[in-house]
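Q: Numbering (the working numbering), first residue to last: 1 to 109.
In case anyone wonders, no lab produced these hints; they're calculated from the structure. Hints are not guaranteed to be accurate.
[To be verified] Straight-line C-alpha distance at most 16 Å; calculated EDC-like pairs for lysine to aspartate or glutamate:
(1) LYS12 - ASP95
(2) LYS53 - GLU42
(3) LYS12 - GLU87
[Said to hold, decoys possible] Cβ-Cβ distance ranges computed for the label pairs, FRET-style:
(4) LYS5 - ASN32: 34 to 44 Å
(5) ASP95 - ILE73: 11 to 21 Å
(6) ASP52 - GLN16: 29 to 39 Å
(7) LYS97 - ASN32: 33 to 43 Å
(8) ASP95 - ASN32: 33 to 43 Å
(9) ILE73 - GLU45: 15 to 25 Å
(10) LYS5 - GLY65: 31 to 41 Å
(11) GLY65 - GLY27: 14 to 24 Å
(12) ASP66 - LEU4: 29 to 39 Å
(13) ASP66 - ASN31: 15 to 25 Å
(14) LEU4 - GLU45: 12 to 22 Å
(15) ARG78 - GLU45: 10 to 20 Å
(16) LYS19 - ASN48: 19 to 29 Å
(17) GLY27 - GLY81: 13 to 23 Å
Predicted model only: the values in this text are computed from it and were never measured. All C-beta atoms, glycine included, are put in the ideal place defined by N, C-alpha and C.
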Amino acid sequence: MIKLKSSFVCLKRTEQPYKNFIEFPGGKKKNNETATQCLKREIKEELNIKIDKSKFIATIKHLYGDVLIIINIFNIHRYSGKITSNENREIILFDAKCKLATLPTIIEY
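Please work from the sequences and hints to get the whole structure.
A: Here you go:
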């Protein structure tokens, strides 16, 4: 999660499933990567920034049909560069005061 002032950085999905829903930036881990390496690569690919300091928060496991999805959550404390969408996805700033624990991982926007 990347927090800017009082908002979290999210991206709007452009493809199915869940087109036009918003989600936190991130992606799939490659076999030879650690979770931290994946975080740095995915954030660079999606938001064009370099992570300087992050902290692991938690792992969430979710059964999506018959596939087990493992989500590693990090808080990004410091980064360099300007946040821009490398994948032509709209950047949504989501109010950090909302109760994130009550929201699904992605929501329609």
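Q: Work down the list of hints and note, for each, if the structure agrees.
A: Now for the hints, and whether the structure bears them out:
Restraint check: the Cα-Cα separation between LYS12 and ASP95 comes to about 15 Å, which is no more than 16 Å; the hinted pair holds. As the CA atoms of LYS53 and GLU42 are separated by approximately 15 Å, the hinted pair is consistent with the 16 Å bound. Note on LYS12 and GLU87: the hinted pairing holds, with a Cα-Cα distance of about 11 Å set against a maximum of 16 Å. Evaluation of the 34 to 44 Å hint for LYS5 and ASN32 yields a pass: the beta carbon distance comes to about 36 Å.
In this structure the hint that ASP95 and ILE73 lie 11 to 21 Å apart at CB holds, the actual value being about 18 Å. For the pair ASP52 and GLN16, the supplied restraint of 29 to 39 Å holds, since their beta-carbon distance comes to about 35 Å. For the pair LYS97 and ASN32, the supplied restraint of 33 to 43 Å holds, since their beta-carbon distance comes to about 39 Å. For ASP95 and ASN32, the hinted distance range of 33 to 43 Å is satisfied, since their beta carbons lie about 37 Å from each other.
Taken as a hint, the range 15 to 25 Å holds for the pair ILE73 and GLU45, whose Cβ atoms sit roughly 18 Å apart. Look at LYS5 against GLY65: about 38 Å separates their beta carbons, and that is inside 31 to 41 Å. Taking the beta carbon of each, GLY65 and GLY27 are about 19 Å apart, inside 14 to 24 Å as hinted. For ASP66 and LEU4, the Cβ-Cβ distance of about 37 Å falls inside the hinted range of 29 to 39 Å, so the restraint holds.
Against the hinted window of 15 to 25 Å, the Cβ-Cβ separation of ASP66 and ASN31 comes to about 21 Å, which satisfies the hint. Between LEU4 and GLU45 the beta carbon distance is about 19 Å. The supplied range of 12 to 22 Å therefore holds. The hinted range of 10 to 20 Å is satisfied by ARG78 and GLU45, whose Cβ atoms lie roughly 19 Å apart. For the hinted restraint 19 to 29 Å between LYS19 and ASN48, the CB-CB distance of approximately 23 Å keeps it satisfied.
A beta carbon spacing of about 18 Å between GLY27 and GLY81 agrees with the range 13 to 23 Å that was offered as a hint.
The structure shown violates none of the earlier numbered hints.
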